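**Student:** Chains as they are written, first to last, in the UniProt record's numbering: chain A, 1 to 335; chain B, 1 to 335; chain C, 1 to 335; chain D, 1 to 335; chain E, 1 to 335; chain F, 1 to 335.
Please note: incorrect hints may appear among the correct ones.
Because identical chains cannot be distinguished in the list, a pair is counted as satisfied if it fits within a single copy or across any two copies.
Derived pair list, reagent style EDC-like, types lysine to aspartate or glutamate, alpha-carbon separation capped at 20 angstroms [to be verified]:
id, residue 1, residue 2
1, K149, E213
2, K21, E181
3, K21, E323
4, K255, D211
5, K246, E262
6, K255, D225
If you are wondering where the hints come from, they were derived from the structure by calculation, not from laboratory data. Because the structure is a prediction, the values reported are computed rather than measured.
Now for the letters of each chain:
6 protein chains.
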Amino acid sequence: MGKVVTFGEVIMRLSPPGYNKMKQSHSLEFFFGGTEMNVAASLAQFGLNVQHISNVSDDFVGQAALACMQGYGIDISHIKKVNHPLGLYFMEVGSGLRASQITYNRLHGAFANIKPEQVDWETILDGCTLLHWTGISPAISEGAYQTLKQGLELALSKGITITADPAYRSNLWQYGRNGHEVLAELCRLSTVFIGGVNEVNEILGTQFTQDEEGFKAAAQKLIQDMPNIAKVYDKVRTGLSATHQKIFAQAWDGKTYFKTSEIEITDVVDRIGTGDAYAAGLVYGLETGMAVAETIAFANAACALKHTIAGDVNLTSVAEISEVAQGNVSGRLKR
Amino acid sequence: MGKVVTFGEVIMRLSPPGYNKMKQSHSLEFFFGGTEMNVAASLAQFGLNVQHISNVSDDFVGQAALACMQGYGIDISHIKKVNHPLGLYFMEVGSGLRASQITYNRLHGAFANIKPEQVDWETILDGCTLLHWTGISPAISEGAYQTLKQGLELALSKGITITADPAYRSNLWQYGRNGHEVLAELCRLSTVFIGGVNEVNEILGTQFTQDEEGFKAAAQKLIQDMPNIAKVYDKVRTGLSATHQKIFAQAWDGKTYFKTSEIEITDVVDRIGTGDAYAAGLVYGLETGMAVAETIAFANAACALKHTIAGDVNLTSVAEISEVAQGNVSGRLKR
Amino acid sequence: MGKVVTFGEVIMRLSPPGYNKMKQSHSLEFFFGGTEMNVAASLAQFGLNVQHISNVSDDFVGQAALACMQGYGIDISHIKKVNHPLGLYFMEVGSGLRASQITYNRLHGAFANIKPEQVDWETILDGCTLLHWTGISPAISEGAYQTLKQGLELALSKGITITADPAYRSNLWQYGRNGHEVLAELCRLSTVFIGGVNEVNEILGTQFTQDEEGFKAAAQKLIQDMPNIAKVYDKVRTGLSATHQKIFAQAWDGKTYFKTSEIEITDVVDRIGTGDAYAAGLVYGLETGMAVAETIAFANAACALKHTIAGDVNLTSVAEISEVAQGNVSGRLKR
Amino acid sequence: MGKVVTFGEVIMRLSPPGYNKMKQSHSLEFFFGGTEMNVAASLAQFGLNVQHISNVSDDFVGQAALACMQGYGIDISHIKKVNHPLGLYFMEVGSGLRASQITYNRLHGAFANIKPEQVDWETILDGCTLLHWTGISPAISEGAYQTLKQGLELALSKGITITADPAYRSNLWQYGRNGHEVLAELCRLSTVFIGGVNEVNEILGTQFTQDEEGFKAAAQKLIQDMPNIAKVYDKVRTGLSATHQKIFAQAWDGKTYFKTSEIEITDVVDRIGTGDAYAAGLVYGLETGMAVAETIAFANAACALKHTIAGDVNLTSVAEISEVAQGNVSGRLKR
Amino acid sequence: MGKVVTFGEVIMRLSPPGYNKMKQSHSLEFFFGGTEMNVAASLAQFGLNVQHISNVSDDFVGQAALACMQGYGIDISHIKKVNHPLGLYFMEVGSGLRASQITYNRLHGAFANIKPEQVDWETILDGCTLLHWTGISPAISEGAYQTLKQGLELALSKGITITADPAYRSNLWQYGRNGHEVLAELCRLSTVFIGGVNEVNEILGTQFTQDEEGFKAAAQKLIQDMPNIAKVYDKVRTGLSATHQKIFAQAWDGKTYFKTSEIEITDVVDRIGTGDAYAAGLVYGLETGMAVAETIAFANAACALKHTIAGDVNLTSVAEISEVAQGNVSGRLKR
Amino acid sequence: MGKVVTFGEVIMRLSPPGYNKMKQSHSLEFFFGGTEMNVAASLAQFGLNVQHISNVSDDFVGQAALACMQGYGIDISHIKKVNHPLGLYFMEVGSGLRASQITYNRLHGAFANIKPEQVDWETILDGCTLLHWTGISPAISEGAYQTLKQGLELALSKGITITADPAYRSNLWQYGRNGHEVLAELCRLSTVFIGGVNEVNEILGTQFTQDEEGFKAAAQKLIQDMPNIAKVYDKVRTGLSATHQKIFAQAWDGKTYFKTSEIEITDVVDRIGTGDAYAAGLVYGLETGMAVAETIAFANAACALKHTIAGDVNLTSVAEISEVAQGNVSGRLKR
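Just chain A, with the same shape it has in the complex (with noise of 0.2 angstroms):
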């Protein structure tokens, strides 16, 4: 089996335990995460072989984080260690009508100093088969830019499947680059576009509607300008409240739409990574080969069961995911 390779900041979530706010706790629950290892986890918890490439700090949270990768079995074996604190990011999780909060602080962390002259790309895409990345990484420093885009190029060169998750975040890109150009520079450099309406329409500057007929659009539009990109998978959400959620897939393949079932989600254990499910369910299906309609069939399932784990990575295996892909809901005790 091939190797996956994934790349982005790994990330220390902290918050209060419970509904709690800050300010009536004396304890924080904390999980390491970031969007890219979070799919990095999730494979390797599904059995495939996965690389993440980062930074962390050289103290003890530093190595707390990469024991925690350690334990998912991702090869931590190109993380560097650095003189900068770990990124974080403090939640207070809301329930029903009260939304939940982030506060971030990641911008002069050890991903944020990351330099293209660190990561040996040649090495670690050897024997690569997929290489992951999101909007997010470009969108901490020049630094992660310019190294994430290096990648990109020997992989593109090496015919490496390229999957972009390339959601645009305004609250970041303070270094000064034009974010909407950056992703569509990065896009362009990937085959499978994971997205829908929203990030075609931040990536060009489009209109395209939230509708089945407005994602088709896009996606005609974004395979057309971006010739290197052969699909595209999205996910669509309805949140009913912090604790209530829907969602399908759909995607496009170049000729044809699939879609799959609406699956509700009551009772949301934790909201993060619910995405970078998905993104791992889409990964898993392209590497061993499934067929669209079952791939994104699997990956809605992976992100409807992330939303009942604690924590930033879906820890449930492909045999939980692909019975809720088949449509069994019912939560029926297992002895």
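Model the placement of chains B, C, D, E and F on the given structure of chain A, informed by the hints.
**Tutor:** Quick look at chains B, C, D, E and F alone, frame taken from chain A:
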């Protein structure tokens, strides 16, 4: 900005973790609350200048209560430390169809032993624009009743707005007075009535019906009987289960009937203090000069959001409440 | 009042906190349970005189199990301490569409090593009015099967009411006997059958359908085949998700069909032991002389309320259950 | 074996976790205790037949207290549920040079409201071989004093051994009686005195010195003044810090002075209830016919071991205590 | 009474529970501290009027820090909310021979970004009788250094007492200034020096020895070099292990040498902030007019007691400290 | 660098929090350990290449154990998942004079069911430079014994260093073999002996005395009897209490006696795995070519530091251990 003054018991809540019964627990979570202090704390979160009047125990429990109030930003300079234990209650939290249960230990506590001569109302009401009281305080002891009455008389004479939240609790009122009569007497010393058909029926011995017409009739009758009262603000709750509630607010300003849309709250985190959150919302509207319709929308949203906050006090901000008051109940993650 | 006797394994449940997976946890919450002990504990909460018969480990784990049962008010004077570890199981609690998972360590434990000669049924059944057993016990080991059989034979000869809850668990029954046959044999020694179409089909090898007609037919067939059995009590569960269930109860008393209204349970706190709560409700009805319709309403309400209680045992009171049985499911705060 | 009866308040201890102050805590650990109940619980762990007499609150707090006592194996059949809250105290646990602090809420509780007519001493003392009381009970209220006195008088008339542990607590005795006089009166109704120079001086108004000669003289004087008393058992504590203590025991049997070696206790886990553990050790010696020297060695070891147990009750076994009584204090791991 | 003003970073401490390493933990306990804020908080516990000057993050973390300070009773009206994350540090707590370890994330935080123009020293120092600073603040950033310097210059010109605690931390001072020189400059603007041989050697580049004679010589040299300084207060710590310490205090008032007895602290609960507790003790002595010998005895006792308090802040009272200062270190339970 | 291979059970430890008894607890902390796995984990923390050989349960408990080992950096590629529960033990942690107590559930578990044909020693020992075993493994079952013996024979034939830690545990060895004989047989297949007078006496049936001369004589006798053994490494523990220990190490290299200074450990955090930490220290010395004196100093310091780490595994680093080995035991805070 003027000063809001609240008067009432500071009481400690002790609850087993989660939905545990006492007999299956070894620890208790505690919160300091008290219906009027909850209003004060919420107003302090909104940025108002608030002073609470009470007695606490002269021991480390009382000190913790004071520190808690100080942390909320409440002025505690007129709270006395006395040689009686702090009032407290135990609560087993229900879920779904199982009701929460409460048992009190408050009738011989610090507040029950308050005496009119301990409270310097002259000084306290200097600069005060609004005085808030509830039906709990006069139900505790003769001393609490007399102390409150002195304050109301002085406040009324000074033209201070007086908000009365005269809920009648039949299991209190053990010291010999007739609760209905006392509440009627004290309401006559007030200018704003927080309550609806139930409260009017309890106080006036009437039989108005639980609907819109009943509310209008009750409000008119009340204003007729109690000329100091200018407006009546009510909220109507439908309890589907311990964790699923619906609420809307209504008001009668002497001429017009106002009503908000109904908010549905699932996954209730904490049911306690939601009425106090409503009252605080009203007081905020009154103090900041909101129109009636805006006031009840804000108060109803405050009440709804309190259901998502652990503890007795509504820790949400004016911004969060305003967003819900304007109809956004999607609970979408804020980064 | 007579004495109820229960026989079965005392087993320890170990669960990660909340909805955590084992691999993301450092601690486990534990409860002592066991399907028949759960019935005993619930009956003791109701004020009945109950004795449980079992083996526990002769170490501090067994002592803790005994202290737990004593705390429930169960007579433990005939429980033996033996030199085998206490049976236990691990459970990862699911939520929403994710199922809970259980893995057992019980087949070489204290109860699995029980022998008929260790149990003095003569003394135990003296003064006993009802003996309760389930299909779990004879599935554990030959010794458990033989010990139970001796007790049933003696009880039947003494005219004691014998309630059978013969659920068939396919993943037990590893010691060589055919479970269907053993359950049939033991049911023939019983006087009340707790189960429905599934259980009858398992035991008699029939194919009755899962509906009201099927239940009636199955119950009639059962009573025909097993003349000692006089009544059949069943509950029907619809699992919408791990945290959302519906249940109703039905019964056949040899002549008439009875059925309760359906109760919907959201925000499930703990799914384990809900069937045992139902059985305990039935036994309570039988021991206190309730009519059939009243009995199943009480049992169904007991089952529903157990979903709101953490742990294996239904800790709610007769008063709480009766209120739900009479249709009050609003969960309104009791001060 | 005969029955030991204890009489006294069941009180709830509430402590912040670890060495926290209340003002820096959000939760409290709780334990049920009470000096006489602690003795009962310890004796039940030793396998004796023990009954405790008290009042508890008629609510879920009282139920939890009863379940706790039942779990210890104490006979609770003569404990009444009354409509007053359970007594309780808060404790901030000190460490090293910082003292622990306690504040009480017990003077209007369930036990303070006990009345002689609520206790059926005739039935209770039937089959009783030893009745144990302490100086705390008569200090709470007139009712507690009168109830105890009735029991002592009846027990003395029946020739039952009566162990008195008449510690004088100056901050109690608020109901009007002179504590010194009451304790003297009740000691005269007792047969075994648990106390030393301090207690004798408090009760007789003497000035004996705090040394071996003082103890002998005090014991002789006491026996001279109170002819029913046959033996005097004492323990001597040297407190080096909140977490470092030394203790030894001494006794006077009317003719001979006995003294144990001193045990040093570092890393104290819980200081509360150590005197009760000592009293339970004495009672165990008396009930099982140990010689005086053996009795005080056992009692002193019990007291020492209690310092290593969280909560008010000594949960160690006869075997563990005997090992320490024989001089093994190495704490070597037992597999 | 006058007002004490403190200036410095408010920093969050995050520690795994107990003695855990980060890599074996899933949660962190947090405390807000900061060497100067710790002094402010301790003084507020003593009843002094204290104001702290700082920046915090404009998010829910900063709000929690503000609420914490308010809860201590500190005046926070001149603390600014800025758009940078709150400084923080992680700490793994050692035990016995294993050292605690700390790693910082503070150099790009809210306080590091403070600017002189953000602080209105004129208003702040109005009514101020004592200004306290430490060597940490000017080590963080040029802005912090300049802001502090402005405050000191103004305070000196107003005749305010200025207490300097100029500890030199070599791992800070990354922004380009020479720490030794800056500390010397700022000490010259101060009137009371808190430090001993180490600090003098660091600042003056001297080589005094670590003994009584060395201290006297160093103090004399310091006063000679820095004419504004009138007195030198020092404490001397002997660390036997992470959990076992000895401390005494000494002082030079320009003419006489003072020294306290040494206090031994076993079972250390929390080592952080003990120096700040000492400084707060000194400031309290200065503000309340204690003699030098009394002041250092109080400060040394405050320092000793802080070792028994979790978190960064000394929460003990003047009464508790005075008792230890007078030699009572027995830790005897206070009921 | 070569590969170290360890063989043995992976076992789960379950302990009540703090110093609680099981009967006063509702939760358990758990750790994965096992004497040989502890060595592997410690070596992985030191940066060595380590592989552990074992069976785990094929369920989510086994998966958690695997994730834990992976997180330590141990190669788990040759660990099998089998259909038997993971071995486990419960431990009540003592303090001071109260001993910790352990009760096992391991004799029918995953490792007890290991069979020689499940382990591919040829592949495993390829590239291996050191194989470590202890006396626990052959005591569990015939299968474990035979599997280990095959590995030792092959390793010896390949000239691999074999470290034997043949502690004799009398409460194991229930499957029929004579433990003394089996250990002697397996030691003869080893090249380094970890043990002292006790172990030699157990294995050879000798009566050497517990002192330096006894150790020398025992070591010489052992080497004489078992020619493959070249060196004997021992540690000597003096247990003052459960929380206060002293240790030193000694060795005999065939010609010379070596001895370290004694380290005193107060405030023990966790006593389990300290012997394994010592063994890991030795293996590290052997693998990195340390001299004997340096090796035992390192191993003794590793053992001492493990007493400060919760759980079974020594998580300290080479740097921390080296500092203690060089005599720094002050536990001074590292910023």
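**Student:** Now tell me if each hint is right for this structure.
**Tutor:** Against the structure, the hints come out as follows:
no., hint, verdict
1, K149 x E213, "neither (32 angstroms within a copy, 65 angstroms between copies)"
2, K21 x E181, "neither (37 angstroms within a copy, 41 angstroms between copies)"
3, K21 x E323, "between (36 angstroms within a copy, 18 angstroms between copies)"
4, K255 x D211, "within (18 angstroms within a copy, 47 angstroms between copies)"
5, K246 x E262, "within (7 angstroms within a copy, 23 angstroms between copies)"
6, K255 x D225, "within (16 angstroms within a copy, 64 angstroms between copies)"
The earlier numbered hints that this structure contradicts are 1, 2.
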